[in-house]
Amino acid sequence: MTDIAVRVDNLGKRYRIGIRRGADPPMLGEVISNLAATPFTKLMGVARRFWTRHTNGARPVPPDPNDLWAIRHLSFEVPRGQILGIIGPNGAGKSTLLKILSRITEPTEGRVEIRGRVGSLLEVGTGFHPELTGRENIYLSAALLGMRKAEIDRNMDEIVAFAEIEKFADTPVKHYSSGMYVRLAFSVAAHLEPEILIVDEVLAVGDAAFQRKCLNKMEDVKQHGRTILFVSHSMQPIARLCERAILISGGAIVKDGPAVDVASAYLATSLRTNAEQAWLHPNTAPGDHVARLRRLRVHDESGNTTETIDIRQPIGIEMTYDVLDSDHLLWPHLIFYNGTGLCLFTTFELAPEWRGRPRPAGRYISTAWIPGNHLAAGAVLVDAGLRSAPPPRVHFFERHAAAFHIVDTPEDNSARGDWVGDLPGVVRPLLAWNTTWQKQVEPEDG
Amino acid sequence: MAKDLSQGVSIVGGTPAEGVCTSNSSAVPPITTVIEPSRGWVPLKLSQLWEYREVLYFLVWRDIKVRYRQTLIGVTWAIIQPFMTMVVFSVFFGRLAKMPSDGTPYPLFVLAALVPWTFFANGLTLSANSLVHSSHLITKVYFPRLLVPLARVLTGLPDLALSFLVLLGMIWWYGLLQSRPALVWLPALALLGFVTALGVGLWLSALNVQYRDVQHAVPFVVQLWLFATPIAYPSSLLPGAWRTVYGFNPMVGVVEGFRWTLLGSGSAPGPMVAASALAALVILVTGAFFFRRVERTFADVV
Numbered sequence: 001m002t003d004i005a006v007r008v009d010n011l012g013k014r015y016r017i018g019i020r021r022g023a024d025p026p027m028l029g030e031v032i033s034n035l036a037a038t039p040f041t042k043l044m045g046v047a048r049r050f051w052t053r054h055t056n057g058a059r060p061v062p063p064d065p066n067d068l069w070a071i072r073h074l075s076f077e078v079p080r081g082q083i084l085g086i087i088g089p090n091g092a093g094k095s096t097l098l099k100i101l102s103r104i105t106e107p108t109e110g111r112v113e114i115r116g117r118v119g120s121l122l123e124v125g126t127g128f129h130p131e132l133t134g135r136e137n138i139y140l141s142a143a144l145l146g147m148r149k150a151e152i153d154r155n156m157d158e159i160v161a162f163a164e165i166e167k168f169a170d171t172p173v174k175h176y177s178s179g180m181y182v183r184l185a186f187s188v189a190a191h192l193e194p195e196i197l198i199v200d201e202v203l204a205v206g207d208a209a210f211q212r213k214c215l216n217k218m219e220d221v222k223q224h225g226r227t228i229l230f231v232s233h234s235m236q237p238i239a240r241l242c243e244r245a246i247l248i249s250g251g252a253i254v255k256d257g258p259a260v261d262v263a264s265a266y267l268a269t270s271l272r273t274n275a276e277q278a279w280l281h282p283n284t285a286p287g288d289h290v291a292r293l294r295r296l297r298v299h300d301e302s303g304n305t306t307e308t309i310d311i312r313q314p315i316g317i318e319m320t321y322d323v324l325d326s327d328h329l330l331w332p333h334l335i336f337y338n339g340t341g342l343c344l345f346t347t348f349e350l351a352p353e354w355r356g357r358p359r360p361a362g363r364y365i366s367t368a369w370i371p372g373n374h375l376a377a378g379a380v381l382v383d384a385g386l387r388s389a390p391p392p393r394v395h396f397f398e399r400h401a402a403a404f405h406i407v408d409t410p411e412d413n414s415a416r417g418d419w420v421g422d423l424p425g426v427v428r429p430l431l432a433w434n435t436t437w438q439k440q441v442e443p444e445d446g
Numbered sequence: 001m002a003k004d005l006s007q008g009v010s011i012v013g014g015t016p017a018e019g020v021c022t023s024n025s026s027a028v029p030p031i032t033t034v035i036e037p038s039r040g041w042v043p044l045k046l047s048q049l050w051e052y053r054e055v056l057y058f059l060v061w062r063d064i065k066v067r068y069r070q071t072l073i074g075v076t077w078a079i080i081q082p083f084m085t086m087v088v089f090s091v092f093f094g095r096l097a098k099m100p101s102d103g104t105p106y107p108l109f110v111l112a113a114l115v116p117w118t119f120f121a122n123g124l125t126l127s128a129n130s131l132v133h134s135s136h137l138i139t140k141v142y143f144p145r146l147l148v149p150l151a152r153v154l155t156g157l158p159d160l161a162l163s164f165l166v167l168l169g170m171i172w173w174y175g176l177l178q179s180r181p182a183l184v185w186l187p188a189l190a191l192l193g194f195v196t197a198l199g200v201g202l203w204l205s206a207l208n209v210q211y212r213d214v215q216h217a218v219p220f221v222v223q224l225w226l227f228a229t230p231i232a233y234p235s236s237l238l239p240g241a242w243r244t245v246y247g248f249n250p251m252v253g254v255v256e257g258f259r260w261t262l263l264g265s266g267s268a269p270g271p272m273v274a275a276s277a278l279a280a281l282v283i284l285v286t287g288a289f290f291f292r293r294v295e296r297t298f299a300d301v302v
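Those sequence lines, one after another, are chains A and B. Numbers 1 to 446, taken from our numbering, label the letters of the first sequence in order. Numbers 1 to 302, taken from our numbering, label the letters of the second sequence in order.
No wet-lab data here; the hints were simulated from the structure. Note that the structure is a prediction, hence the values are computed from the model and not measured. A portion of the hints provided could be inaccurate.
[Claimed, not checked] Stretches of chain A that chain B covers, calculated by requiring three or more beta carbons in the stretch to come under 8 Å of a beta carbon on chain B:
1) 111-122
2) 256-265
[Claimed, not checked] Simulated crosslink set (BS3-like; lysine-lysine; CA at most 25 Å straight-line):
3) A:167 with A:149
4) B:45 with A:149
5) B:45 with A:167
Don't be surprised by glycine CBs; every beta carbon is placed ideally from N, CA and C.
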């Protein structure tokens, strides 16, 4: 039985944008003359629009250059119980989609059918008023988010306790620290029990501990078989929580599929460097008269070039270079950085047959293997270099010549275990753990 | 080597998520919401207002709670406004200009009009700005937008009750407090004032979203309306036939009705009040439909 919770059919939303030109700040005189002219130009505009609407309203309207389609021709279905991640660059139309689904704004065309009680969390602390106390704000915010008064009464103590604000429940929230404020807001949200939950980047605020609490709560909700539509900029929670994701770009669905695949595809397109880079012309390739770099690529175990690699799989970095002048002692090496620019490690070629041996001219292909379960999930950038000695010389050094993504999956074995939250660190080895057990603890005497 | 490691250390089987996801099947058919673009005039959906009555309750409750917080004299403000206006009017119009007052003491004559007027003027001003001031809610959560101006007008009710008590006190002080059969009309007259404030509030709040000119026009409109309503002067200044026409200003019916029921001044303003009720109803119904029609753009423009 396929029970559809949300059906979006050919949805479109058009915004009318005013034309405003000129990057320079206008002069004061201009401001004043504009101010003086504005009432007349605006009134004329209103009159003209009124006139056209009532004279040729039946005729099709020609496309207006001031029109902007935030989303268009969007169609998808969400089965009941699914957690759908919605990702995409800024301005792709994600927020517009959520606003239509939450009934905050109307679509221009198309249709949405939602089966079940909807709750939407588009901000932290919806309806909070600074002058009201914590308890009063719980009533207000929860009512606005769709909770009945009886439900709020029943959950009040629990909401206060979950937010850890027992002592300040009767203090106006304007005196709260930002942490308390966010905890209270989230606590209200966490006690909503809609059948379909729409969440927008709520996880983007708050500290790491709070984000972890959010993720765990979402995981909890997931176990209750509720449908969730979840928008986020950060790929980690999407890949971890959602079975499926859609990638929206330019107001249309670009990719729809398993969350891990869609997240990797998005990350791959957002990286400026590719998994493979080749220099076709021998004279312009990086290098000198001794050696030139011809190609650098990242590939998986079976040799296919890939931008995204499962954290459990080994990664091959293949460096192709031409040695033009014989009899040098050459040291190819690679340097790895993560997405934040932190240097992860450097590795020099350790092929026994070439160690300490001068190389004849010709084409060389050196591959370094990074074992699976070694680096943490995220982006990795690679520098490729070739040195020789003595005297110490650099023949080529290509910064960030290739890049790839290590993606984390919640399935099977990884250092994550069954934990779904944030996993800090730059390496993620799969360690051998040993746990002993004894039924009774002997009382220690003395 | 890496492969050996991952196979050798087998920890736990798959996560339980998959199994639990399908376990929840509700017996009750879920409510279906259809979201489609609306065109032209749309139904008012008053049943939805009833469905969201608790939200209305909390919006009113919030405004009442917040209204006089961090003020020194608090709720006294509700009394000061009509009372001080009465004092000023009594000195200038009553004492100096010798304005007629249908045979009742001039201060009473003015206060009986100012009590419903203050409720109307405040309700109008607050509701006209209500949507703009609630933009943080309108862009973040769904509920029938009609509740926003409605809540603002309702917020004035405790103030109305309080100033009404002061009015009763004044009438008693003048020794004119007595039970009249006409008093049964008082709630209806208060309702008329409420309907007028809400009707105009709906028009202005919806217009204010698109054209902030409204914000600047409101104080001015209220001031003009004050003088267009028989507050400082009696409507008996007008010749008989014109009084009914005058009644199409809905506040004329409210003010003259209040005086007649409480003070027994003048004759029963029947036709006048009927005209006012008709005008108020037209304003409310057109206001509500206009509001619903432009409601769809609120979140985009506000």
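Residue 45 of chain B and residue 167 of chain A were given as a pair; does the straight-line alpha-carbon distance stay at or below 25 Å?
violated, 43 Å
In terms of beta carbon proximity below 8 Å, does the region 256-265 of chain A have 3 or more residues touching chain B?
violated (count 0)
Is residue 167 of chain A within 25 Å of residue 149 of chain A, Cα to Cα?
Distance of about 23 Å is within 25 Å: holds.
Does the alpha-carbon distance linking residue 45 of chain B and residue 149 of chain A stay inside the 25 Å limit?
holds, 22 Å
Chain B covers the region 111-122 of chain A, three or more CB atoms within 8 Å, holds or violated:
holds (count 10)
In this structure, the earlier hints numbered 2 and 5 are contradicted, and the remaining ones agree with it.
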